[in-house]
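Since each chain comes alone in its own frame, lean on the hints to assemble the complex.
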Amino acid sequence: MTTLRLLLPPAAALLAAAVLTAAAAPGDAPHAAVTLARPATPTKAASPDGFLQRWLILEPIHVTGLTDSAVQSEVKANYFPDQFTVIPHDGDKVQVGAGELTWHAVDTLDYNVNLFHYAAALHKPTSDVLFWIVTTVNCPAEMSGVRLAIGSNAASVWWVNGREVIGIYGDRQTVVDDGVSKRLTLKQGPNVVRCAVVNGGGATDFCARFLDVDDKPITNLTLSVGELAP
Amino acid sequence: MKSVLLAGMLLLSYSAVALDGQIGIHDPSTVIACDGKYYVFGTGGGGLMSTDGWNWTGGAVRPGGGVAPDVIHLGDRFYVSYATGGTGGGEHSADVHMMWNKTFDTNSPDYKWEDCGVVASSDGVEDCNAIDPGFFLDPGTGRLWLTYGSYFGYIRLIELDPKTGKRIHPEEPPLNLAINCEASDMIYHDGWYYLLADHDSCCDGANSGYNIRVGRARAVTGPFLDNMGVDMMLGGGKLFVGSEGRVVGPGHFGLLDLGEGVQKFSCHYEADLDRGGASVLDLRPVLWRDGWPVAGDNLKDGTFEIESARTGTALELAVEGVPVGGRRARGGGGGPGGRRGGPGAARGGGETNAAAQATLGGTNAVGGRGSRGGGGGGRGLFGGQGGVIPPQDVAVVSTNWPAGNVDVRMANYMDQAQQKWTLTAVTNASASGYPGSPYFKLTIAGTDRVLAVGDDAELVVLPGYTGGPEQLWRFDQLADGTWRIMPKAVPNSSAALALSAVGSSFATLAKFDPASDKQRWALKAP
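From first to last, the protein sequence lines stand for chains A and B.
When the count follows this note's numbering, it moves up by one through the first sequence with no breaks and lands on 234 for the last residue.
When the count follows this note's numbering, it moves up by one through the second sequence with no breaks and lands on 552 for the last residue.
Honestly, the hints are just simulated from the structure, not real lab data.
Treat each hint with caution, since some may be false.
In silico SDA-like cross-links for lysine to any residue, where the CA-CA straight-line distance does not exceed 25 angstroms [what the hints assert, rightly or not]:
hint, chain 1, residue 1, chain 2, residue 2
1, A, K186, B, A483
2, B, K537, A, D218
3, A, K220, B, S456
4, A, K220, B, E286
5, B, K537, A, V180
Treat the numbers as computed from the prediction; the structure is a model and nothing was measured.
Chain B on its own, in the form it takes in the complex (with noise of 0.2 angstroms):
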């Protein structure tokens, strides 16, 4: 699994590129579904929603003003948290309000605010600065908790009544789990508590270093340690996510669990240096490396071969290959000994068993295996054609392969034409996407071949692409690294489908299973 997701980081570690839409945001609470859209808000008030997590447009309603709010969905209740005071200017007093709606939908009849006052504050004196507040409610003991703090003194701890959103033992005063960060978030994973929170500068567009950075504890109280021992309280830290190819300074951690194992992180970058330097919105998938959570990148195009990792074989058109530099002749064959053992059962080169060691070089590197005699133009058997072998040139091998639509199956990897998929993102309106991604249409390199889903519900590669949904697909990638991909749609049904590996050499769809690798996909550059 580990080589896996090192092979996935590496092979797509290219800059990520945010949302698409309207997207300016900075400070982003989590982002949450309800009644249908995602809704996502920000410091000032106000925010952004989406019907499918890609396509983001202004008009999310968040009263308070306030910077940096957070939000968490409890029974009927979508509870919001927001700080005022404490920016700026050595200010540092400052107030952690708390305020719920059944609905952030503003037609809806439900569609109602109450506010249930202050739940923490900073005297401006005192080493806190009560802003930024993020939830978390304990998996596993249905608690709530409350975290905040933003660089002067530490991030804090408190606790809140699930029913009533007030905190509960206001008397008490608030636990201490780090220092020197802000915008802190909690999240829970296999049995560890994870203090996400973000270090060094914001605010200052592309000049901003900051980073997100993580400790992890086996209590909810701490203490949090980075993966080198060192505590948050000390500044400890290990690097979530930092700033990459063109986008500068992500900040302010959210979990978008999506279920079945694939989790996101919404997050802001400082300065979108291709959206003019402007802080946006991302969504980003969360994976798991060693006990700790690793950044994921969404897709971007590009060709690949698509491998699964129940049985290492890749997905390929299902048309005859041919050897990258062409077919050699080979000899041996025949006989009970092995695989193309025994002598004189010759196929192809027909050299004697003495021959074939001759063609080696004097060599022993085959002795007592005279079977695999034969081919080698004078270069042996192992000695190659000579020069670099250039790739194939699909115009060329395409020729022999069926005009009309052609299944899909697996095979070793060879380098094959029909083995490397070209994934192109597309992001017109009637595409749409899902939360982090447009939708992504995958042909056989160098052709207009498009894999899509058939009548039958069996996967098919049909001639060009026409848009259906049928040929649309997305890419989630999972917390080993691989990725799970589905359709848009399948013909004839409602059921959300995965590409899954139902053999060594055969590909459909099925339901997802996070338990299996089944459905799970290595994207290797060919």
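Bound conformation, chain A alone (with noise of 0.2 angstroms):
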């Protein structure tokens, strides 16, 4: 299915591509990222099952392991400054290693952000990798009693407001609520959602959404990334 959908992008995503493909190597066909699309309004409101559908994603850092220790160990890695604090905005660049990251914001068209076609539109590769991952969720009141709820291809680890709250690890595909938090408190305003995916091999993606104190998802809730690059 990933096969078709990127040889036969629809209209729709002639736009991501266009955004998606400013790494593309002189030369090679750009793959279209026909399922995300650069957003085109300030804020986003979640879909109506509440998934979080606008996210800013650092190209992928290669890494290696998807059992507890090795992801563990992978994220906890010091990779760009205040990469657990930041809140990094659209064609914002971080030097890791001896290369210069990029932050992309995109909209997705699914309930999942496809990170297979983020980075294969970016020329970038897929498989032993890690995706930095942030979003900012806007809540109209506080919260209490909620949790965050995610799925992920393949491993991931996720935080709230700075606090770890999910940690799923092994060779996964994403399922709806696959990892779900404690009981969390989302305060009134804006309320940061970072994740780090790390990838063994093939398909790689992620969905998100909070659910209420009765696991019903919440759905009023917008997101932001802040201003998009020039």
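Written out as structure tokens, the structure is:
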């Protein structure tokens, strides 16, 4: 299915292709990130099913290993300054090792964010990689007893307002509400959700939403990623 | 659902062991709750009582003597029915009496018995022995019924006035429902009326063939047919529960409906071989399978996988698992073609496509899927490592586990040490119990690490058991054979919460929802 979508990008995806193929090597045919689009509005509401569909994603970092200890080690290593606190902007660049990586703002057209599409469109590796991902969730009022519920391919670790709340490990596929946090409180106004997705090989993606005290999706949230790069 | 039920029943089909404390009784009534205690009455007057349904004492009072009483709670009254006469020696002349009280607490100012007289009789010649009454309140109509009878002829049905306990239309003859059985009781479930009654012999200790059988009908008046379509008027009856293990001759069914889909039944065993062959009380789960009630078993000590009915994943200590038999090298990986797909992106083994196929013994087993190369040590990818792989030694694999409190999560069951839970009944006086069973502690098998509820009302595994109520767990078997698992106490809360699968890989505590699979758990042998 992934291959078909790459070969036959819909018109809507052409915009995404324009955004996410900037790093393509000269002469390479770009792969359109057909499920991703450049944000076109200041904020984006959570989907009717509560999915968070606007994110800033850093170009992938090479890592290996999907076990609990390997992933924890990978995500706790220092790659760039303030990596656990920074709220990046679209187009920001960070130095990781010898290379410079760029943050890209994306809206996903699906419930999930397809990181394979993202990386392939940028002509970046999709296997043995770590993606840093951030969004700001704007909450209309304080909400206590809520849970962050995520799925990822493959392993991932998640933070809400700086506190680590979920870790799921191993070679796994994205399943809605696979990893669920303990009860937490979303404060009124902006809340920062950060995650690190580690992929071994093949497809890679993630999804995320918040559940209320009755385990029902919270839909009255908006997402923002700040100003877009010109 | 059926497979879950069967799995649970097969694995837990060991002998039932009756309750704790003073539990000697014969012909017990339905167990009933009154003013914070459970009561049950038997033949000969008196009865048993319990604050938790697990540990019982004597001291319950029922005047009138006679045999085989039954009780029902209607409004502010507890009606009691019992019989005199009709027992032994070929004597079948008997009377069914009615009386009521507002409480069974003899210290209450409301404790006062009122006699309602005789509501049914047999003359010693007619085809009925008017003993062993059983109440039934029709939940659909609110009409109160009483069945009675014992072997000699028919089980009969009469209607009572729920306001007075007296018989309605005494001039009309009773209706015959079944033949050649006794200790009848009726229940209603999902559009069906079920008549349960005892077959075979009683009152002969370990030589008693007593067993409880059931037929069902669409009307309270019958006909009650068994699973083979045989009318109970012809002696039909599907087995509900018979002798098992060390207990012989179950009889005198009574339903204890605890709400939220949790049903238990009371009975006596004619002989508990572990208690000198005495007749004793028991409380066990009622399950439902294909429209028929099935006797469940209370939980006993053992080691289990605890599997969520919602997700199929197993509760585990949140530590890095080690594959049973150790990790093996893997080849392939990478590329867009699929999981671990794509040439030229080797991880681990690094064999080529052709080499990988060669390790499979030249078969075409994975033709066209060359990404699965690597590993195997000469046996091929699917050849295993040879020999019998022993169970994981928790002492070995736990060396890297954190020493303190550890979270709980869920994962695919793979026979790993952190996924096996030893359930141990805690029978000391302070632990108490619940209807039918003591509380249990759950430890990771082979360790002291115990499941508990943290101050945040989330699950946590502690390094050791310290006896707190937040470390004790209640297991109620549900109608489909799965289990509701509840802590005895939640810190800083009076809420009654149950173990709940909030996602595929995470468990928490939440209010029990009988309509959901979230709080249903299968216990499987590891």
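> Among all the numbered hints in the text so far, which are the ones the structure does not match?
Replying inline: 3
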